[in-house]
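Novice: Residues 1 to 117 in our numbering are what the first sequence spells out, letter by letter.
Check each hint, because a few of them may be wrong.
[To be verified] Once the Cα atoms are required to be at most 30 angstroms apart in a straight line, the calculated DSS-like pairs of lysine-lysine come out as:
1. K115 <-> K52
2. K53 <-> K103
3. K81 <-> K115
4. K95 <-> K52
5. K79 <-> K115
6. K115 <-> K103
7. K53 <-> K81
8. K79 <-> K95
9. K81 <-> K52
10. K53 <-> K115
11. K95 <-> K115
12. K59 <-> K110
13. K110 <-> K52
14. K52 <-> K100
15. K59 <-> K115
16. K52 <-> K103
17. K95 <-> K110
The hints are simulated quantities; they were obtained by calculation from the structure and are not laboratory data.
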Amino acid sequence: MSDFSKKYIVIKNNRDFSFLFKKGESIVTFAFVCYVRERRGRCNRLGIVTGKKVGNAVKRNRSRRIIREAFRLFEPVLKEKTQKRYDFVFVARSKTPELKSTKIYSLMMKNILSKLS
RNA sequence: GGACUUCAUUAUAUGACCGCGGGGCUGGAAACAGCCAUGAGGAAAGUCCGAGCAUCACAGAGCAGGAUAGCUGAUAACGUCAGCCGAGGGCGACCUUAGGGCUAGUGCAACAGAGAUAUACCGCAGCUUCAUGCUGUAAGGGUGGAAAGGCGAGGUAAGAGCUCACCGGAUCGCAGGUGACUGCGAUGCCAUGUAAACCCUAUCCGAUGCAACACCGAUUGGUGCGGAGGUCAACGCGUCUGCUCGGCGCGCUUCGUUGAAAGGUGGCUUGAGCGCAGCGGCGACGCUGCGCCUAGAUAGAUGGUCAUACGCGACAGAACUCGGCUUACCGAUGGAGUCCCUGU
RNA sequence: GUGGGUAUGGCUUAGUUGGUUAAAGCGUCGGAUUGUGGUCCCGAAGAUCGUGGGUUCGACUCCCACUACCCACC
1 MSDFSKKYIV IKNNRDFSFL FKKGESIVTF AFVCYVRERR GRCNRLGIVT GKKVGNAVKR
61 NRSRRIIREA FRLFEPVLKE KTQKRYDFVF VARSKTPELK STKIYSLMMK NILSKLS
């Protein structure tokens with residue numbers, strides 16, 4: 001996958017994660033914690049963290065899927081609004097697997113867009 | 001009708017739209033786009049056993065260490081499973097069972113008790129004495145988890161397997177059974193418990209694990225580390241700082257070292273496979289025939305929204321692959337069987 | 001994937017060749033001292049020894065299974 005594609009890139013490096021935890025702007029809700037930072041490039045990047053505290057493998061998988069789905073809906077809205085591109089890291093919390101993706105989507109719209117613009 | 005026992009099966013379903021993984025087809029130089037079917041479990045879990053597979057080691061034998069422990073069978077193998085035997089529980093269907101050896105040796109057994117692996121405190125009886133002492137005995141008392149098998153009768157000075165019947169255990173013989181063992185008879189009462197204490201006996205075990213391992217690619221060069229140089233002119237990051245300026249370091253060049261560790265591909269899913277039928281076997285299971293192909297990711301694919309139905313959906317997510325075991329779990333359905341109550 | 005360890009009063013630790021009663025410090029409570037509080041002194045309460053089975057006459061200790069936490073290696 002290159003920067004020319006429409007989709008986002010998955011953050012894999014531990015260096016990128018720790019950099020975002022240090023330098024990123026944090027947005028806290030009851031469903032997730034989000035770290036954002038502006039980046040140069042043509043697409044957004046996404047990383048999801050589901051720690052041991054979230055629960056067993058099923059719960060961790062579910063929270064990862066929900067966040068990814070919400071972000072899939074959220075991303076085109078973001079691209080229309082601004083020309084800037086960002087790195088995102090979402091950290092799941094213990095309540096995340098019981099929620100619906102629409103709920104997380106609305107939380108993203110409310111909290112993140114207002115913060116970035 | 002109630003109370004159970006046991007063996008299986010199943011684990012929300014259907015449709016629409018959007019999205020993900022690998023696969024196939026079409027278009028395209030490629031990037032990619034479109035279409036098609038397909039995509040988590042009974043435990044995928046815990047990692048407690050046993051194998052396959054791979055690499056290394058290995059003439060043969062033994063020691064050490066570990067595992068297992070009724071018998072017969074099943075199996076690739078097992079600590080698993082089936083049937084049976086013994087023991088225990090339940091009125092019963094049925095369930096549970098680490099179930100070799102203390103007569104190979106060593107160790108341990110607190111407190112209590114007279115005495116704990118050998119004894120005589122209170123007793124009982126005989127002899128004797130002022131008091132008491134000596135001898136015999138182990139029925140009774142009390143202690144304890146355990147006191148020379150239990151109970152009754154005979155017997156006796158009082159007693160005792162001293163003798164006898166029954167029960168229990170041991171040894172020997174005979175019969176039945178592949179065998180564990182069971183039945184009968186004779187002898188005859190000889191010594192507690194603990195080997196999930198050391199240990200002994202029998203059987204088994206080479207080590208490491210798919211991050212194994214194999215291949216690709218090589219000085220025109222990859223990874224990490226270190227030295228020297230360069231430049232902050234420009235840009236980014238880090239650091240000094242609350243901020244700005246500025247400095248230093250990295251990204252640049254070069255030298256030395258590291259020498260496949262890094263990256264990619266394979267391993268990676270057709271297998272002791274699954275389903276159905278027939279045959280053999282009490283059964284675990286085996287044989288034959290027909291049919292089927294059913295995840296293969298690599299920061300890790302199954303999700304979302306809407307609608308309908310009901311009982312409103314538990315435990316839970318493949319990571320090389322199988323056979324078990326163990327643990328978690330809302331329920332639903334079916335087969336077989338037992339006991340009790342009522343009616344005919 | 002492989003291997004190892006820990007769990008004991010509210011907290012931090014002792015204790016296990018199996019033997020009656022599980023020890024200590026801090027903390028808590030009560031008393032004494034002080035004009036009051038602290039320090040000091042005296043006393044008390046507080047533990048199903050992580051959970052569930054088993055072996056044994058008897059288990060914190062031995063064996064098995066499970067739960068939670070921690071660590072190491074590739």
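Novice: Are the hints correct? Go through all of them and say.
Specialist: Hint check results:
{"no.": "1", "hint": "K115 <-> K52", "result": "holds, 29 angstroms"}
{"no.": "2", "hint": "K53 <-> K103", "result": "holds, 21 angstroms"}
{"no.": "3", "hint": "K81 <-> K115", "result": "holds, 13 angstroms"}
{"no.": "4", "hint": "K95 <-> K52", "result": "holds, 13 angstroms"}
{"no.": "5", "hint": "K79 <-> K115", "result": "holds, 15 angstroms"}
{"no.": "6", "hint": "K115 <-> K103", "result": "holds, 18 angstroms"}
{"no.": "7", "hint": "K53 <-> K81", "result": "violated, 35 angstroms"}
{"no.": "8", "hint": "K79 <-> K95", "result": "holds, 29 angstroms"}
{"no.": "9", "hint": "K81 <-> K52", "result": "violated, 35 angstroms"}
{"no.": "10", "hint": "K53 <-> K115", "result": "holds, 28 angstroms"}
{"no.": "11", "hint": "K95 <-> K115", "result": "holds, 23 angstroms"}
{"no.": "12", "hint": "K59 <-> K110", "result": "holds, 25 angstroms"}
{"no.": "13", "hint": "K110 <-> K52", "result": "holds, 28 angstroms"}
{"no.": "14", "hint": "K52 <-> K100", "result": "holds, 21 angstroms"}
{"no.": "15", "hint": "K59 <-> K115", "result": "holds, 29 angstroms"}
{"no.": "16", "hint": "K52 <-> K103", "result": "holds, 23 angstroms"}
{"no.": "17", "hint": "K95 <-> K110", "result": "holds, 19 angstroms"}
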